[in-house]
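**Q** Hey, can you work out the whole structure from these sequences and the hints?
Quick mapping for you: the protein sequence lines, in order, are chains A and B.
Using this note's numbering, the letters of the first sequence correspond one by one to residues 1 to 111.
Using this note's numbering, the letters of the second sequence correspond one by one to residues 1 to 112.
Treat each hint with caution, since some may be false.
[What the hints assert, rightly or not] Among chain A residues calculated to face chain B with C-beta under 8 Å, some are: (1) 40; (2) 99; (3) 100; (4) 105.
Keep in mind that the hints were calculated from the coordinates and are not lab data.
Remember, it's a predicted structure, so these values are computed and weren't measured experimentally.
Every residue, glycine too, gets a C-beta built ideally from N, C-alpha and C.
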Amino acid sequence: NAGVTQTPKFQVLKTGQSMTLQCAQDMNHEYMSWYRQDPGMGLRLIHYSVGAGITDQGEVPNGYNVSRSTTEDFPLRLLSAAPSQTSVYFCASSYGGGELFFGEGSRLTVL
Amino acid sequence: QQPVQSPQAVILREGEDAVINCSSSKALYSVHWYRQKHGEAPVFLMILLKGGEQKGHDKISASFNEKKQQSSLYLTASQLSYSGTYFCGTERANTGFQKLVFGTGTRLLVSP
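**A** Right under this line is the structure:
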């Protein structure tokens, strides 16, 4: 099992550009979520999903969109990147609300 | 609302003990604990469910006081490998599904 796979690992964007962070898991987990991590702020929940077709907002959803068309995939879309979205992004999944399995992270820089 | 962790940072010598606290102003269903090493993803340590249970994992254990909405992580006879940032994640009661909100973390440094 690959676990949770995130791509890309690194990305540099210019302000206003759009992009999608990919997340895929092969553990058949119902729950998937996206967090951003900034120095001194811990992990902040952006969006989460409890199953295919069901998504909801977390603590800091503005500027991000998600969809969940399959159990395996949970992409995070930045519609118009801003410097404030410079961060490390982690995708995570779990089965039945238990242990969160994290991807390796995607480091995004917005210039 | 993010849970509050204390202390923000701890420096220990190998073999010493430490306690990290996590508190919430909301009624909780569960508390998770994770450790993150620099440049890596967080790694799961344990989950505590409401009911005041205590769990252990080698020399790391935790408790959950449901009435006070507080959890504590106990690190006993610390090892160099314990260094990292510890996060508690809380799941509020009656939310119906996992919406885990993390604290800002406690940095732990264990020196020889």
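**Q** With reference to the structure, classify each hint as holding or not holding.
**A** Structure-based check of all given hints:
1. 40: Holds, because the Cβ-Cβ distance from residue 40 (chain A) to chain B comes to roughly 6 Å (cut-off 8 Å).
2. 99: holds, 4 Å
3. 100: Because about 6 Å separates residue 100 (chain A) from the closest Cβ in chain B, which is inside the 8 Å limit, the hint holds.
4. 105: This hint holds: residue 105 (chain A) lies near chain B, its Cβ roughly 6 Å from the closest one there, short of 8 Å.
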